[in-house]
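With chain R's structure known, arrange chains B and X on it following the hints.
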Amino acid sequence: MKKRQRSLSLALVLIMSLALVLTGCGAPAKPAASSPAQSSQTPATSQPTESPKEPVELTFYCVGDSQPDMQKICDAATEYLKDKLNVKIKAETFGWGDTYTPKINPMLSSGQPVDIVFTSNWAANYRVNANAGYFTDLTPYLQNSPIREIVGDDFLSGSAINGKNYAVPCNKEKVHNWGFLLKQDLVVKYNIDVSKIKKMEDLEPYFETIKANEPGVTPLLNVQMEGPFKLLDWDNISDDDIPGALYPDNRNNTIINQFEAPESVALYRKMRDYYNKGWIHPDAATQDNFSEEMKTGKYFAVVQSLKPGKDAEMKASTNIDWVQVDITVPVMSNRETTGAMLAIPVGSEHPDLAFKFIELLYTDKYLKNLFVYGIENEHYVKVSDNVIKLTDNTGYRAGNGWRFGDQFLDYLLENEAPDKWEQFKAYNAKGIPLNSLGFAFDATNVETEIGALKNVVQKYYKQLFLGTADTDSTLSSFSSEMKAAGVDDVIAEMQKQYDDWRKTVGK
Amino acid sequence: MMARKLNKQSKLNQISATGNLLLNMLFVFITIVCIAPVILVLAISFTSEEAIRHAGYSFIPREFSTAAYDYVLKAGDAIWRAYGVSIFVTVIGTLLSLAVICMYAYPLSRSSFRARGFFSFLAYFTMIFGGGLVPWIMVYTRLFKISNTIWILIFPYLMNAWFVMIMRTFYKTTVPESIIESARIDGAGEFRTFLVIVLPLSKAGLATIGLFCTLVYWNDWYLPLMFVTERKFFNIQYLMYQTLVSIQYLTSGSAQFSEAAVVLANLPTESARMAIAIISIGPIVLAYPFFRRYFIKGLTIGAVKG
Amino acid sequence: MSMLYLSEPKPLGKLKKGLRTNGAFIAMLLPGLFVLLINNYIPMFGVVIAFKRYRFNKDFFTSILTSEWIGFKNFEFFFKTPQAYEVTRNTILYNFVFIALGVVIPVILAIALNELLNKRLSNFYQSIMFLPYFLSWIVVSYLAYSMLSMENGFINRNIIRALGLESVNWYSEPKYWPFILTFFQVWKYTGYNAVVYHAAISGIDSEYYESAAIDGATKWQQTRFITIPLLQPVIIIMTLLAVGRIFNADFGLFFNVPKDSGALYSVTDVIDTYVFRALRNSNSVGMASASGLYQAVIGCITVFTANFIVRKIDKEKALF
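Residue numbers (the numbering used here), protein chains in the order written: chain R, 576 to 1082; chain B, 3 to 308; chain X, 4 to 323.
Check the hints yourself; a few may be wrong.
Computed list of lysine-lysine pairs in DSS-like fashion (alpha-carbon distance at most 30 angstroms, straight line) [said to hold, decoys possible]:
no. : chain 1 : residue 1 : chain 2 : residue 2
1   : R       : 678       : B       : 76
2   : B       : 174       : X       : 318
3   : R       : 663       : R       : 964
4   : B       : 147       : R       : 678
5   : R       : 1000      : R       : 1058
6   : R       : 940       : R       : 885
7   : B       : 76        : R       : 890
8   : X       : 61        : B       : 234
9   : R       : 678       : R       : 663
Have a look at the derived ranges for each label pair, beta carbon to beta carbon [claimed, not checked]:
no. : chain 1 : residue 1 : chain 2 : residue 2 : range
10  : X       : 185       : R       : 941       : 39 to 45 angstroms
11  : R       : 953       : X       : 61        : 39 to 45 angstroms
12  : B       : 38        : R       : 1048      : 31 to 37 angstroms
To give an idea of the chain X side of the interface with chain B (calculated C-beta under 7 angstroms), a few residues [claimed, not checked]:
no. : residue
13  : 28
14  : 46
15  : 49
16  : 50
17  : 62
18  : 134
19  : 142
Simulated from the structure, these hints should not be mistaken for laboratory data.
Cβ coordinates follow ideal geometry from the N, Cα and C atoms, glycine included.
Just chain R, same shape as in the assembly (with noise of 0.2 angstroms):
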């Protein structure tokens, strides 16, 4: 009886140690255990007698690849930014696309205490959770501060809903166009001109070698919305699964349903025949992490919106070497002003200093680097003042530097072009405005109709976009079931706000 109570007893003990363990964040450091480095430097080794005011923890969600290294990042990040906001980061990423989204929509409709989120027309449905009430309205911050120099007016207006920016949109190319990345090997390996690529159909021939050729190698990598139907580059009105759109070459101002379009059926059955071909991964229905498949390095080609650099720049996060293949026209639209932002939830306890931090993403240099490419010395090495090279350490690879603050900041990798940042600028000033650029759809009035759009197309596209499932069969009850769900209303209300605003603006 003693002998079983005193292995009770250890039990337990053993238990709340790993209590300690498992909730020890709560803990303070130890002295002992801060570094010998940051010791040295203040000669009060001793505890400081005036305690410095406890630093305030600000939450950072970004849509990213898990990076190991992140708990080093969000320790570098609190170390520097001691002094300047005394804050605590704590950062994490979730996967692209569909990982992120339903990770930060709960949290942001629940009012969870999150500080800053990654939002967009892609992820996290800037404009429905705007609209929703889920973040602060920044106009009042942006009055005074750095970053409406920085972005530029038109980038903010033309991220703002009725007047308000409710994010920060990103500084980066301010245009985009679409076409592959092609695997570098691979083009060299089978002598690809790419310079006679001028449309999806002239990498056919290639495809078909490859798929002979190349076992392990699928030729076209399409997952959920990353494929060949970004090619038509539809200018959606609101998010990217959410019918409406123009065409992207300002040919007239009717607003259409963009999944139902002559060509998006053409290319529905296009996909059909590379999924039966083979050119499509088999099991691409339930393949869900587009950035990650594009790492394992067993596909040719990727589609991928491009801008100058492209290629080099995503060897960065995928440790592959690849060559860029423009299709489409650069244009300039609201993908790209509501392409990649920042916003601080309403739930957030702290927006001020939450401002204050993103702010510091578009002025402060070491901060951008910091979170794009990780710490110098470990994870890069300096090759010149603003050229860096990755060490062999992956444990951080977050690269895409366009998801936050100023990417005109980064630092440029080994492999990239110099005038990279000329470039773009040159870039910038080719694209052709599209008609809706500074339009903002606002939803109230037909919230339910696209939750329930939403639901229908999350249903039926990828079995479309994919050619996974017969085309005629799929479309025909993806119709009938867009229809039920209040198609024609979401458009006509899209097309009443489009006229009315063309009429203000004078379009």
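Then chains B and X, alone, in the frame of chain R:
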């Protein structure tokens, strides 16, 4: 004498040898169906990536390899941490919920407690009607703020009306009212009676509910899905859920991994996923024999007669 | 309520004793009540969201109170979509099939287990059959995927292609899924149910069978006239309880096993997964709450009906 007679009679009532053989064949088939998918996953976890690429998943590894387990062990930190979270949550959660459930069920089993109908209803009503997902999330994030702590993985499952009902029936059938009555005459208080007399008589019931609770906590992925964003509170099931989407979750927070240059293309992604599934099954299967002795008895009295 | 009883006129000593006893009982109930309050009763205020245009505002109660009333608009749109019908149909049909198979197969197996000559083998079979019950739906989804994957799946690679047939894209073909889902549900729960029924059968007095055997009754007759009638109350109660929860689908099964493949929604989407997706993907809190409330209300009605019937059959077995 009596026993021999009975024995003879039951022999008389036995099925024929052929019938027995047929039934055994049926059960062999069923056990194969039950265990085959698990064996398949086990086999995949020991197959090399090359062999998977060439021959797909199969029951016999064409090329035996422990690369998946090597990888999982090396990528360890995230997995062992999740394992630790799961073990902690399961042990503490099971103990606490056993306490809560047993204490709630006991008064409901006592006919001298007049308000038992009301309190039974209070518990059962939650089985039928709920406020929905959003308010439920909001309560834990804005009101009773335990989201993103270890307690969010424990608290919501502490009460379970169904288990309360099983336990109540168990007390009713195995603890005679007369024993409780005599304890009362001896001057024992209700708490004392409960602890000293009722609980020791209810071992089988405790084991049954204990096993159920263990399963609930060990197999849970829903709470982390809803409430946890910090990796240090991921449990093993949720890590598996994440791994389906991104194998890189395994390496998150791993010291060894950031030092070695690992390209995703070279990882045993297919077999590693299956290896984690196998690792996650381990403890719960091992726990079963421990509970088995009491389990069937508890189940019979609590659920069937209930 | 207990206070109400206490105030009844009673001799003083008895009242004191009653207070002490009930006090102890209430103390025992307290931890459970606390959990119920936080986890279940406070969130119930949230049902009004279904009638509001939900806007987050400061905290839980304020948000609920300050959101604008829009009447039945949320319901209107839920019912307007064909999915309302589809998910309700799926939920009910699957549950009916699961209930039926959850009785028939386990009872047959339990009777068979009971007849096996070798009790050790019987124990062994039970242990193995019980295994699936221990696995989480996440693990089951891994198992299903290893069977069904298009690229590497066992069935496609080693059965269908070996036979020279065309691979089946399981995760895009809705027609197979009613069977796949049913298979995995039965696979996971049959062993558990068989053990429960087997335990019930072993509780039947063996004298019944012996005297029947002496009278020359065959095995079939024994089963038909002894086992089944004696199991009947258990079966009826278990079934009615399950019928009462017919609007609640097993979320883990329907969410994890089909891997959230849109192509399959027409046959795999149930109310629970629909609500969940409405919330997570489109953040339409109104719709999610409306469909959730719809489920809760009709679920509530069926439970009360089922309970009413149980009460008629056997008052002791009723839930409340």
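To see whether the hints hold, each was checked on the structure:
no. : hint                               : in the structure
1   : R:678 to B:76                      : holds (28 angstroms)
2   : B:174 to X:318                     : holds (15 angstroms)
3   : R:663 to R:964                     : holds (29 angstroms)
4   : B:147 to R:678                     : holds (18 angstroms)
5   : R:1000 to R:1058                   : violated (43 angstroms)
6   : R:940 to R:885                     : holds (21 angstroms)
7   : B:76 to R:890                      : holds (26 angstroms)
8   : X:61 to B:234                      : holds (28 angstroms)
9   : R:678 to R:663                     : holds (22 angstroms)
10  : X:185 to R:941: 39 to 45 angstroms : violated (58 angstroms)
11  : R:953 to X:61: 39 to 45 angstroms  : holds (42 angstroms)
12  : B:38 to R:1048: 31 to 37 angstroms : holds (34 angstroms)
13  : 28                                 : holds (4 angstroms)
14  : 46                                 : holds (3 angstroms)
15  : 49                                 : holds (2 angstroms)
16  : 50                                 : holds (5 angstroms)
17  : 62                                 : holds (5 angstroms)
18  : 134                                : holds (6 angstroms)
19  : 142                                : holds (5 angstroms)
Comparing the model with each earlier hint shows violations of hints 5 and 10; every other hint is respected.
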